[in-house]
Amino acid sequence: MNGPETAASRPRSEGRATAPPGRRLCEVIANRASGGYRIFSALDPVGPEPGAGQFYMLAAMDGWGQRDGRPYVPRAFSVAEAVREEDGTRLDFLVESVGPGTERLAGLRPGEGLWVTGPLGRGFSPPDELGVGVAGAVLVGGGIGIAPLAILRRQLAERGAPVRTLLGFRDREHTGGIDELFACCEARLATEDGHAGHRGYVTDLLSVLLEGDAARSAAVYACGPPAMLERVRTMCAVREVACELAMEAPMACGFGACFGCAVPLAGGGYMRLCIDGPVVNGAEVETALVAGSGH
Amino acid sequence: MNGPETAASRPRSEGRATAPPGRRLCEVIANRASGGYRIFSALDPVGPEPGAGQFYMLAAMDGWGQRDGRPYVPRAFSVAEAVREEDGTRLDFLVESVGPGTERLAGLRPGEGLWVTGPLGRGFSPPDELGVGVAGAVLVGGGIGIAPLAILRRQLAERGAPVRTLLGFRDREHTGGIDELFACCEARLATEDGHAGHRGYVTDLLSVLLEGDAARSAAVYACGPPAMLERVRTMCAVREVACELAMEAPMACGFGACFGCAVPLAGGGYMRLCIDGPVVNGAEVETALVAGSGH
Amino acid sequence: MELGVEIGGLRLAHPVLNGSGTFDAIAARRAFGDAIVAEFPFSAFVSKTITPEPRAGNPPPRIFETPAGMINSIGLPNKGLEGFLERDLPLLAELPVPLIVSVMASGRAEFERLVDAVAERHEVAALELNVSCPNVESGLIVGEQPEETEALLRVLRPLTEKPLIVKLTPNVADPAAVAIAAERGGADAVSLINTLKATATDPVTRRPWLGAGRGGLSGPAIRALALEQVRAVAAAVSIPVIGMGGIESGADALAFLAAGAAAIAVGTANFRDPLAAKRIRIELEMAPPAVPDGLGGGARGRIPASTST
Amino acid sequence: MELGVEIGGLRLAHPVLNGSGTFDAIAARRAFGDAIVAEFPFSAFVSKTITPEPRAGNPPPRIFETPAGMINSIGLPNKGLEGFLERDLPLLAELPVPLIVSVMASGRAEFERLVDAVAERHEVAALELNVSCPNVESGLIVGEQPEETEALLRVLRPLTEKPLIVKLTPNVADPAAVAIAAERGGADAVSLINTLKATATDPVTRRPWLGAGRGGLSGPAIRALALEQVRAVAAAVSIPVIGMGGIESGADALAFLAAGAAAIAVGTANFRDPLAAKRIRIELEMAPPAVPDGLGGGARGRIPASTST
Ligand SMILES: Cc1cc2nc3c(=O)[nH]c(=O)nc-3n(C[C@H](O)[C@H](O)[C@H](O)COP(=O)(O)OP(=O)(O)OC[C@H]3O[C@@H](n4cnc5c(N)ncnc54)[C@H](O)[C@@H]3O)c2cc1C
Ligand SMILES: Cc1cc2nc3c(=O)[nH]c(=O)nc-3n(C[C@H](O)[C@H](O)[C@H](O)COP(=O)(O)OP(=O)(O)OC[C@H]3O[C@@H](n4cnc5c(N)ncnc54)[C@H](O)[C@@H]3O)c2cc1C
Ligand SMILES: Cc1cc2nc3c(=O)[nH]c(=O)nc-3n(C[C@H](O)[C@H](O)[C@H](O)COP(=O)(O)O)c2cc1C
Ligand SMILES: Cc1cc2nc3c(=O)[nH]c(=O)nc-3n(C[C@H](O)[C@H](O)[C@H](O)COP(=O)(O)O)c2cc1C
Ligand code: FES
Ligand code: FES
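Protein chains in written order, with the numbering used here: chain A, 1 to 295; chain B, 1 to 295; chain C, 1 to 309; chain D, 1 to 309.
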């Protein structure tokens with residue numbers, strides 16, 4: 001809505017799962033440690049099945065605002081997995097505690113109430129929509145950013161698309177979710193401290209992979225810290241490989257109301273990441289290094 | 001400090017238990033229902049034994065500020081009982097949930113952290129200091145106001161002073177603490193709904209008692225809602241019976257810093273209830289019906 | 001309680017509006033589908049402020065969370081007059097409630113052009129004048145000066161019969177003086193408060209957090225300030241006052257109505273719950289009447305629970 | 001970091017003072033004994049504002065809790081000049097830190113008498129002028145008018161060599177203009193912010209909650225507003241600025257210092273913890289140096305935890 005319109009800011013009917021209006025109270029049904037992160041689950045009785053890359057705005061029913069009056073607004077979370085159960089959809093979220101909001105959510109106890117709004121935003125596109133002859137997918141995740149790639153990988157697998165997964169982490173404390181979210185199938189790891197897989201950056205693995213022929217017929221889907229996303233974006237641009245990035249920006253509302261989540265567009269101006277993203281085409285944005293972004 | 005000085009505003013050495021400076025983190029060691037109220041206990045490793053009528057400023061370590069940014073300041077609580085234990089003093093508090101602060105404190109779980117400042121304020125005086133020939137005590141408690149009378153009763157008993165206890169409650173939901181805090185010895189009850197003891201007001205019991213001779217040699221100690229305190233105050237004034245009231249006022253600090261807890265003095269001007277009270281001589285104040293007061 | 005209200009001839013089903021720039025009905029429809037239109041939470045929709053030319057808005061970061069509130073430095077991103085009329089107006093016309101368009105321009109001539117073009121559209125029920133902007137002629141912030149505000153109204157008033165609502169800035173010593181000037185100039189209503197000047201520091205670099213350096217504070221943190229300004233303004237003018245600032249509940253709304261507001265607006269609370277305004281309206285409907293002052297000023301209504309005797 | 005500071009010639013061991021009226025050293029000594037004097041949390045003690053004659057203060061209720069803050073309408077209760085000099089000054093002289101006496105009077109003559117009598121006492125290191133009061137001559141709130149403020153300083157400045165600190169009111173459109181006037185008038189420093197005009201409604205009777213009807217808002221709720229005013233004032237004057245408003249932590253204090261404050265004061269936070277200022281000072285001592293802007297304005301310092309690549 002601000003500055004030049006993006007192709008995506010067409011009103012309505014854009015193949016996103018629309019959310020029930022308003023926030024709803026869901027029950028927390030699980031919360032377990034996963035490496036240095038935690039995975040908590042809520043039972044959503046009414047919401048639709050989310051698309052990979054969509055997110056929810058979450059707030060604990062109690063204890064919100066407990067640290068110096070924060071958190072005040074809800075917090076945005078990519079859905080890591082969504083499983084239909086008889087009395088609703090189980091939504092899994094992977095959380096890393098970096099401040100008052102994530103700290104509170106990481107501490108949710110089963111039985112507690114969780115305010116949920118979503119699914120929100122535009123998710124990932126199928127490979128074939130990203131370019132002619134594109135069939136496969138390369139998933140590149142960094143740190144907590146592996147969350148949306150888990151549900152993406154499952155949904156791609158269901159469509160029979162060939163998928164390769166590359167996951168990068170900083171060190172032991174900043175590693176988690178692999179066994180729980182990527183159990184199904186092998187993923188190649190890179191860690192900066194070398195405690196698992198390749199010692200170095202996940203983008204090292206990507207560059208090797210992009211040399212191979214398979215790359216031509218594959219699209220890259222990435223989520224992680226801004227620096228990683230920007231690296232992936234430029235690598236793909238150089239090699240003319242289609243890529244979609246699940247980005248982050250500070251969000252107050254998540255549904256286009258506050259204009260807070262501005263991300264600079266390649267053509268100038270800004271998009272609202274919550275409504276025109278959080279998944280963006282690498283070519284669409286000016287940079288993935290957005291001030292204030294980064295989980 | 002404000003307006004005319006009260007006898008009590010003499011600086012220092014006034015026979016009160018002084019508190020360790022600053023607030024300290026104590027562990028919640030128990031929290032159980034008691035009728036319509038709850039009794040929670042914290043282990044105070046460093047504080048002195050409080051005098052009956054003194055209070056503490058309390059704030060939960062977590063979840064303070066969770067309802068529309070409240071509670072923000074700590075909440076004042078009369079100590080109901082204090083028991084020396086090997087690794088500190090167990091402080092018992094009787095709480096009635098009337099808003100965000102009391103709600104949070106009533107929900108404290110054992111093991112949680114509790115910020116404690118105190119003991120604060122001036123407690124009750126021994127009978128003999130309240131008049132020549134005064135030896136006995138009549139305790140008059142209303143609702144949650146019975147809390148400070150429990151520790152007073154114990155301390156008076158230890159001095160061998162004859163004590164009679166009159167407790168009043170509105171109805172079942174607003175009754176509690178009797179068995180736990182007044183187990184030792186018989187107390188006469190009055191309830192407005194008549195579910196226990198005399199159907200009516202606790203002040204009915206007091207007036208009967210004040211007719212008797214024993215009254216001459218007894219002082220009245222009262223704590224309860226403003227309307228009850230004012231009634232007791234005037235009854236005692238008429239019969240020239242010495243009486244002390246444990247009053248309440250909105251308090252932000254509890255140690256004389258904010259001047260928020262103003263209570264009008266008989267001589268004009270105001271006292272700070274937290275530092276010159278909360279126990280006041282019935283003759284000292286203009287009224288016990290102070291705007292904003294009442295738990 | 002009966003909830004219908006009238007603002008300068010504009011009849012509203014209930015007193016709960018949205019604060020300009022805190023709800024985008026078009027974006028909300030993309031996120032929530034037509035269901036959000038079906039149970040539209042506001043009795044009138046106030047658009048985000050539009051300007052003569054398109055604006056991209058301020059560089060990020062644009063928001064910072066504060067104790068019980070937030071700072072924003074959005075910078076009025078909007079499609080500009082043309083883009084708004086062409087692309088947004090048709091969609092906003094589909095809403096089930098009257099449309100109030102918020103407009104801002106620097107300079108009287110620009111403001112005239114804007115008000116002219118917007119007021120003539122039948123889809124528009126009323127205009128809100130965002131005067132928290134500098135007047136290029138004088139360099140002064142219009143809304144901070146009673147004279148500037150009255151002068152602007154004298155220019156704009158003749159342009160339309162439609163209600164003109166003046167959105168007051170709270171960053172003044174005496175908001176009532178500006179409100180009186182707006183009334184004198186011919187305003188049909190005033191709305192307040194807009195956000196208060198605020199800033200935040202990056203905890204790591206200790207430099208300004210916001211891309212624009214400064215912003216405006218909103219949310220419950222400012223409620224008590226807003227309530228006082230609404231009280232002061234309502235006591236000073238005879239035109240209706242639309243009160244806002246940190247309203248999150250029916251009780252908050254009642255406080256503003258009791259302070260003299262004819263209607264109220266929900267802003268930041270929309271971010272926490274897209275249907276916050278619906279809940280607030282329901283809480284208003286179910287609110288008990290005020291209890292007359294019992295214990296003589298004294299412990300009036302302030303003695304909860306136990307009251308033996 | 002090195003914490004010593006100097007305010008108009010007054011050397012302080014560290015930059016953490018108390019806000020006037022938010023800590024009563026005499027009462028605190030009654031509550032906590034001499035221990036509170038031994039580990040006195042402030043580098044200088046600012047007295048509650050005193051007036052020429054004794055004042056009883058406002059009728060209760062005097063406080064109302066708000067989201068992340070509180071409103072107070074205390075009404076400057078104090079013993080008056082004589083009572084203060086006779087009964088409080090000797091006790092305040094026992095404190096281990098310099099004494100700054102806050103004074104307020106309506107009318108220049110009264111202000112002169114007050115400043116004269118206080119400044120001549122050797123126990124007094126500096127004076128803070130609370131100008132959030134009406135001038136009986138003009139009826140205007142001195143601190144809201146640059147001219148009134150400068151004129152008052154021109155009258156008071158010649159009376160003493162001791163530092164004169166002007167406590168600014170935040171209820172103005174442009175606090176920097178008042179600060180500049182204070183500097184021009186000869187002030188040695190300015191302190192801000194005082195509380196912001198606020199009110200609250202009794203949820204039951206829907207009438208004003210406070211006995212005085214209105215009051216002032218303080219606490220974390222106003223921090224972002226205070227920080228912006230301190231930034232604007234520090235950028236406009238060359239005399240030291242004492243910043244306050246919702247400071248609760250070393251990080252908050254650092255933000256104010258980074259915004260240009262020479263020292264900071266702790267107010268409402270004292271109510272939550274009588275030694276809050278001591279904790280804040282220690283957090284300041286242990287604070288890491290600011291990290292230079294790494295990712296070019298961009299994600300500067302804002303990417304915590306995981307950063308593979
Ligand atoms: C679309 C989307 C999907 C996301 N998915 C996930 C996910 O699956 N898992 C996950 O763990 N995280 C996810 N995040 C990130 C998550 O939302 C943030 O980490 C969270 O909001 C941080 O809140 P907090 O209160 O814990 O930390 P905050 O204190 O809000 O700090 C978070 C970051 O914001 C900055 N910050 C500091 N103070 C403030 C302030 N007062 N106001 C604003 N910013 C401040 C700092 O850079 C800090 O590192 C996602 C974010 C988006 C936008
Ligand atoms: C010396 C002393 C001893 C006490 N001892 C006990 C005790 O032993 N047990 C016990 O249960 N209680 C005790 N109290 C009362 C207790 O401190 C209060 O009930 C408590 O502070 C209420 O806090 P809250 O957040 O639960 O309720 P609040 O929301 O603070 O409401 C409490 C009362 O204050 C008024 N109020 C409502 N909103 C506000 C607001 N925003 N700001 C200010 N006031 C408001 C209302 O009248 C309400 O009934 C004592 C009080 C004092 C002064
Ligand atoms: C993110 C954001 C954007 C805003 N944009 C506008 C705007 O474009 N025009 C305007 O007049 N007010 C704008 N406001 C002010 C609100 O309309 C409202 O006056 C203010 O936020 C106080 O209400 P609240 O505390 O309920 O949010 C904005 C507020 C916020 C938080
Ligand atoms: C209860 C209370 C009483 C105050 N009394 C005075 C006063 O007598 N003189 C004065 O200059 N400021 C007074 N103030 C204002 C504080 O000194 C300070 O400027 C303001 O509270 C902002 O700081 P804070 O948010 O840290 O409290 C008072 C504030 C409070 C909360
Ligand atoms: S988060 Fe509010 S517009 Fe995107
Ligand atoms: S509660 Fe602060 S002075 Fe009594």
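What the hints contain is simulated information worked out from the structure, not anything from laboratory work. Treat the hints with care, as some may be off.
[What the hints assert, rightly or not] Here are a few chain D residues that face chain A, going by a calculated C-beta distance under 8 Å:
| no. | residue |
| --- | --- |
| 1 | Pro67 |
| 2 | Ala68 |
| 3 | Glu94 |
| 4 | Pro220 |
This one's a predicted model, so the numbers in the text were calculated from it and none came from an experiment. Yeah, the Cβ is synthetic: ideal placement off N, Cα and C, and Gly gets one too.
Return the numbers of the hints above that this structure violates; sort them in rising order. 3
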